[in-house]
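Heads up: the sequence lines are chains Z and D, in that order. For the first sequence, position 220 matches number 220 in my numbering, and the numbering has no gaps at all. Each number in my numbering corresponds to the 1-based position in the second sequence with 1000 added.
Wrong hints could be hidden among the right ones.
[Claimed, not checked] Restraint ranges, calculated between C-beta atoms of paired labels, are given here:
1) D:T1286 to Z:A91: 24 to 34 Å
2) Z:V289 to D:V1150: 31 to 41 Å
3) D:I1204 to Z:V88: 51 to 61 Å
4) Z:K354 to D:F1136: 27 to 37 Å
Note that these hints are calculated values from the structure, not bench results. Here a beta-carbon is modelled for each residue, glycine too, at the ideal position from N, C-alpha and C.
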Amino acid sequence: MSPSPSLSTIETPLPDACQDDDIVLSARDVAKSFGNVHALKTVNFDVYRGQVTTLFGENGAGKSTLMKILSGVIQPTSGEILLEGEPVRFASTTDAQRLGISIIHQELSLAPNLSVRDNIFMGRELKGMTGIDYAEEARQTRALMAELDESIDPLTLVEDLRLGQQQIVEIARALSVNSRILIMDEPTSALSASEVEVLFRVIRDLKSRGVSIVYISHHLEEALTITDHAVVLRDGVMTAYAKRAEIDLEWIVRNMVGENFDLGSPPTGHAMGEVALALDDVSVADVSVPERSVVDHLSLEVRAGEIVCIYGLMGAGRTELLECVAGRVPLSGGRVMLEGEDISQLSIAERIDKGLVLVPEDRQRDGLVQTLSVGENLSLASIKAFTRGLLTSGRRERGVVEESIANVHIKTDGARAEIGSLSGGNQQKVVIGKMLATHPRVVLLDEPSRGIDIGAKAEVFRLLAEGAASQGLAVIFSTSEVGECLSIAHRIVVMSRGRIAAEFGADVSKEQIMAASGEAVVA
Amino acid sequence: MSKHSQAPVRRGGGFDLARILLEGRAFFALIAIIVIFSTLSPVYFTTNNFLTMSSHVAIFGLLSIGMLLVILTGGIDLSVGSTLGLAGVVAGFLMQGVTFDMFGVTLYPPVWVVVVLTCALGAFVGAINGVLIAYFKVPAFVATLGLLYVARGVALLMTDGLTYNNLGGRPELGNTGFDWLGFNRLFGVPVGVLILAAVAILAILALSRTPFGRWVYSTGGNARAAELSGVPVKRVQVSVYVLSGICAAIAGLVLSSQLTSAGPTAGNTYELTAIAGVVIGGAALTGGRGTVRGTLLGAFVIGFLSDGLVIIGVSSYWQTVFTGAVIVLAVLLNSIQYGGRKKRAAKAPATPSSPSSTTTSVEHATVGGKSPAGKPATQS
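Isolated chain D, as found in the complex:
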């Protein structure tokens, strides 16, 4: 019997290097990307370029963190790209002033009010997703796909397909400062990057140090068991979509500030980039596994890769091919990492019988192939 019990031990010992490479793959991939592009282009490895690339990453990073929360519960949120676009448009609309014909007045809300209202809009879109999924049992893929179309359509309707270019506000109206959300720099760092850092820290805290975080992981790991342990599974599901919607709205604000314009088609297909970031970061699409750190790395891998390809002058068609290949490779590695685990975990239930050698089963453990069991064997 001791012969068999050694198997898992050996597996743990011999594969150490491979395992480190496997588990830190997003990190090593990022290092490799930086090294490769730095040798190919002299401008790549400069502070300024890193800051520029980081402000691009900020958008994907914000979306990816929201997406991570959803994916951790075993769901998916396809609506974040459209929510981003809608949020930008609504912010742009508010910055132009809201006219109430009935009273004949035009209100110019200050930037902080615009921010709050836009985030509330993101939360509202997320809440629709969450309620559809948790209470009406609509599959997450379908519910959020529907919202993808609806949100995009509303954004196009609001502007008739046009773009708001005047987001600066006017000092006499007291609504200046929109450029502070992404365009400006603080201590030389783009504000968008700082916002990403703040959101990431909040997400790390929420996932690792609050009951909510544990609920998210347990809901994705096994919702039935979580529910029987008193986890409010449905509320958790709604919450993650709301948070994802808020993250998308923040990303929308940052993006329109960076571009100093808000267009209804902004963020098209960004939901897929966000999912890619989460997956490259090592999260399992089946839920329950994944970290903010990995997701951030994933977002940086995608951002630094595509910007690097632009810098060395690779055509945008090739960029698409490269990005796709990286995503497939990441999922492949994920299934290698989790596949081994799952096999071990899934086999255990198949045989609930568990005469563990540690417990009191000395009496029955001894029979083996010897006396009684051997009888029918020997007579043949």
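So here's chain Z without its partners, still in its complex pose:
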């Protein structure tokens, strides 16, 4: 067990042994595995009384897993949790809540069909003389809302609230149970700037009341304005800790990304071909607000053998763009041209036949069929290749599957293994392998590195680079991590509010990309 070069050394010294560093909750050697997937590997983590501790880390670093363990949603595979120095075990969130630990989830856990009041008192309704004491519940709800500076009526249905207001309701619910420790998983991702200010005021107020906060956010600068302690996770391992005063943005990014990991470079030495995919003035309407466009008159050309990276923040329209090109969502304007042919009206299946495939962002929801085996998943998109007449040929299918397993280097017990037995990275490779087995000419990948470790990430990028160089594939991948833009892409397109905000060559810097995306503006 020797420290490796890829881990940046922790130059920040140990925090001084201040007396006010009163630890209220800590995790000792906590590890969590799901089958073969090691989400957390013996992590130590402390929460300080009346202070904000922020967890930094990329997607899939294990932040959410750690938070779920601390709040009783899941139980660790090994290790223990100490509350006020005493070992505790939470069998459920109710257990944790009883001990004063509440979590506000990234995905809201409100019942949209109930009112704000009913949501806040869900599961612990106040009993009065005649059933539930609605008046008292409403009064307390109003008091909570006043505290949070929100003028939400207690009887409003949650589904009628904006996402940001729903977030406020979640916070109010956590406050109403007198939590000593409040875990906030990306609480600001759906909030407007003014709502973020309110939230931060609330957080400061909570701190002064001795409430400890664990905070997770992807908006680094924003998190830095509120936090007292910074902890960085990477690939399930805690890589750095420091006090707020001792660090800056650059320290966090360096520890999050890891300094020297090579995600590859743009493949060279092959001639770029003709334009393979051309988007001509493409628009996509918002599903809920049809007058709004999530992709707004966007034009883009990608040539055979070229790799284009689309960078953008959440809500920039990356997913919608790729899904409309693949045929999942309809265009509201413009044309999609594949090798000079207008494919705007074709179905998903027809576009796959023509050689255009999409590797979706959420592989559990859109990529894998969990009830099928690894092999059946791999062959799902290319059934025609092993069908003769009416019947499929088991022998030919095995050929297709084994070729895919070898081509994309899937580590599996065999084609008949259950898909759930694979690690996240290998599951992602199954989705990619499935689409590559159709022998496409244009490959779209929506956040292909989401939730996979850095080794698998590098391997996925190497695969794509190889495909572009040797088979003349046109590759478009999207990402929300700046580090990934500067890997194999020949060209980086920055999207913001459904439009192309900027276009760069491979020699661009991270700062330029972030500036173009509007990221620096936040908070």
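Starting from the structure of chain Z, add chain D where the hints point.
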């Protein structure tokens, strides 16, 4: 780390016997039913009785196979019992001859034409179901519940509530042979059973050896992923309801041939028996899991159980109680079998982070609780 990775291995090894019993439960249940009733009644274990029971099973089996296709895609078809009844009535109506007042003639279609038209009717009912569900997004439960009432109502309207008793046809009209569909025997085996066997073989082939079969399983397993992989999900959905309707029509023909009469109330509540057969056969009502073999076993379990209870003279009230208990037990066992799997599969997405020990993550795998991570811990 190696300590944790052993857990799934151990789970796979130690539970072997329990697992065999669990996965083969429909088969063992059938054996148990045969053994128990054979000891209780001397007539149960005879060739003749088995053939009689099998011809009863043929009806449920046909419905169950159609139902299986629907359930595999994650749907449900409550209309099959009514479709069965309507199919029988329409067949009976056609066998009486169709009079065209305008031309003053009466046509007596031959039996094969009756069969084709009846199956087309079943397909039509199924197509209505499928289009409502796939294209108009009506929940399957509601759409097929509606068709359950409509089809039954049409059957009652057509006959005014009466039953067609004369299905034999007349030689001079060239429409004899209806009894061939279920009443007669071929090589000593009731034709209905042979029809069930043929349909089952076709279904097995379709599910395991054709693209359509793979589409059915993937649609039920994850329709979104299937669609993005180029599976024509909507067409698959319509197809399974059409096939279920055809199976119900075939069952209607076989039943009215067996009974040599076609009544508008035939097949009442058979849809529930069909669902029970599929469920006892181990299919998941959430879709994506299930086999024809299991479904056939399930149909035989129900049929042999209820006939056995009749033979040993248990009152029909108790039969209902027994059948219900068996169904609940089957669903319970299903959730045990799939529950374990689902938990494992569902937990993986919760933590997409996957530093698999097999890939190149040697560099970061080593830190653990040692140096940097230990710092904040030790200072407390």
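Now the hints, each set against the structure:
Separation of D:T1286 from Z:A91 is about 27 Å and conforms to the stated range, judged on CB atoms against 24 to 34 Å. For Z:V289 and D:V1150, the Cβ-Cβ distance of about 38 Å falls inside the hinted range of 31 to 41 Å, so the restraint holds. The given range of 51 to 61 Å is respected by D:I1204 and Z:V88, whose C-beta atoms sit roughly 54 Å from each other. For Z:K354 and D:F1136, the hinted distance range of 27 to 37 Å is satisfied, since their beta carbons lie about 29 Å from each other.
Violated hints are absent here; each numbered hint is respected by the structure.
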